[in-house]
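Undergrad: Read left to right, the sequence shown gives residues 0 to 366 (numbering that gives the first Met the number 0).
Just to be clear, a hint being listed does not mean it is correct.
Straight-line Cα separation of at most 30 angstroms, DSS-like style, residue types lysine-lysine; simulated pairs [unchecked claim]: (1) 222 x 332; (2) 350 x 136; (3) 208 x 180; (4) 208 x 350.
Restraint ranges, calculated between C-beta atoms of paired labels, are given here [what the hints assert, rightly or not]: (5) 59 x 183: 29 to 39 angstroms; (6) 28 x 196: 22 to 32 angstroms; (7) 44 x 327: 26 to 36 angstroms; (8) 162 x 336: 36 to 46 angstroms; (9) 220 x 78: 15 to 25 angstroms; (10) 264 x 79: 39 to 49 angstroms; (11) 89 x 243: 46 to 56 angstroms; (12) 180 x 329: 17 to 27 angstroms.
If you're looking for bench data, these hints aren't it; they were derived computationally from the structure. Glycine is no exception: its CB is placed at the ideal position from the N, C-alpha and C atoms.
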Amino acid sequence: MKRVFIAATQQNEGKTTVALGLISALQNRGMAVGFIKPVGQRYQEVRGMKLDEDAVLIAEAAHLDAELTAMSPVAVEARFTRDYIDHPVPNDLLQRIDAAFEAASRDKEFMVIEGTGHAGVGSCFDMSNARVARHLKTGVVLVSGGGIGRPIDEIMLNRSLFEASGVPLIGAVINRALPEKLEMVRDYVGRGLARLGVPLLGVVPLRPKLASPTVRQVLSELKGELLNGAEFLDESIERSIVGAMTPHNALSYLGRGVLAILPGDREDLILAAMSSCLVGVGKAYCVAGIVLTGNIRPHATIMRLIKRTQIPVILVEGDSYLTASAVHDLTVKIQPTDGEKIHLAQRLIDKYVDVDAIVGAADPLVG
0 MKRVFIAATQ QNEGKTTVAL GLISALQNRG MAVGFIKPVG QRYQEVRGMK LDEDAVLIAE
60 AAHLDAELTA MSPVAVEARF TRDYIDHPVP NDLLQRIDAA FEAASRDKEF MVIEGTGHAG
120 VGSCFDMSNA RVARHLKTGV VLVSGGGIGR PIDEIMLNRS LFEASGVPLI GAVINRALPE
180 KLEMVRDYVG RGLARLGVPL LGVVPLRPKL ASPTVRQVLS ELKGELLNGA EFLDESIERS
240 IVGAMTPHNA LSYLGRGVLA ILPGDREDLI LAAMSSCLVG VGKAYCVAGI VLTGNIRPHA
300 TIMRLIKRTQ IPVILVEGDS YLTASAVHDL TVKIQPTDGE KIHLAQRLID KYVDVDAIVG
360 AADPLVG
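Kindly generate the complete structure, drawing on both the sequences and the hints.
TA: In structure tokens, the structure reads:
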């Protein structure tokens, strides 16, 4: 059974996007594909089980038939590392991974294995990506961000860690390259890596939509109270504005894809944001959402107007500055409900990554 380990030079470089697109491309070639994320650092509760959120996404998006527990055997909780250092049990973790891999790979022709960050992540509890990849007898594909010099440097650093554990580097994928520099990056990174013996498997252009959070993600991150618009939480946010201006100035910035972060007592700005929807046609002109800060609930008359719109409105306790900072720092992950993003990721990988080269180099390691 063929297999590949998807790792990255840093966290949040696009491993899940590559894994999701690779699985789709392999399925389109008629292959029976399985997936596992042996160690997950961001988890969610599903039916009382703590499971890695990327495993949940891929299981649903790729319509995989294995149990979720087989795709996410180890979820790193808040005290996990401290408890492990107090009582190290590496063999127990490996046994859980082995049992899960056996279940997830049953009747499969190809296994896609997703790591967690760079080669050394997990070393603090004896489960580095390099060690797990070697244990599962698989070569690795490294995902790095756009650019020229930095990706090459980071790819070589990670290659040294993987190779020290006996894990060969199949090749590298450069993700989120600026579209206008795509050919230059492909040329220079391709030649730069070739000099060092690393195949360049693809250069994927930046698509801002994949990096845009949804209102649902903002609601979850801010732990706010939803006052309106539950059916439109999957609207993408292209930019956010903070309400610290007069309404007539604010109107120049309000429109589709905008998240308006407003003090809860600025009824003039709330009305201005709502007007983007009331005077437009359907959702074409509506702001993506409104976040009301300071835990100040709008007056009942304002709430009645809000209820006449389709705009998601979120109430939070923090002030506008802290709220805007939290939204800016939000780590955007594709969600199972993000159908448009899922299809975009699948198309990008199929178009810009040499899937056949990965398949050709994905035989299990010997020994």
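Undergrad: Evaluate each hint against the coordinates.
TA: Hints versus structure:
Restraint check: the Cα-Cα separation between residue 222 and residue 332 comes to about 17 angstroms, which is no more than 30 angstroms; the hinted pair holds. Restraint check for residue 350 and residue 136: satisfied, since their Cα atoms lie roughly 28 angstroms apart, inside the 30 angstroms limit. For the given pair, residue 208 sits about 18 angstroms from residue 180 by alpha-carbon distance, which is consistent with the 30 angstroms threshold. The suggested pairing of residue 208 with residue 350 holds, with an alpha-carbon distance near 17 angstroms, which does not exceed 30 angstroms.
Residue 59 and residue 183 have their C-beta atoms about 37 angstroms apart, which keeps the hinted 29 to 39 angstroms range intact. For residue 28 and residue 196, the Cβ-Cβ distance of about 28 angstroms falls inside the hinted range of 22 to 32 angstroms, so the restraint holds. Hint check: residue 44 to residue 327, Cβ distance near 27 angstroms, so the stated range 26 to 36 angstroms holds. Take residue 162 and residue 336: their Cβ atoms lie about 39 angstroms apart, and the range 36 to 46 angstroms holds.
At roughly 22 angstroms, the beta-carbon separation of residue 220 and residue 78 lies within the given 15 to 25 angstroms, and the hint holds. Restraint check, residue 264 to residue 79: a C-beta distance of roughly 43 angstroms satisfies the suggested window 39 to 49 angstroms. Remark: the range hint 46 to 56 angstroms for residue 89 to residue 243 is upheld by a beta-carbon distance near 53 angstroms. Judged by the Cβ atoms, the range 17 to 27 angstroms given for residue 180 and residue 329 holds: they are separated by roughly 26 angstroms.
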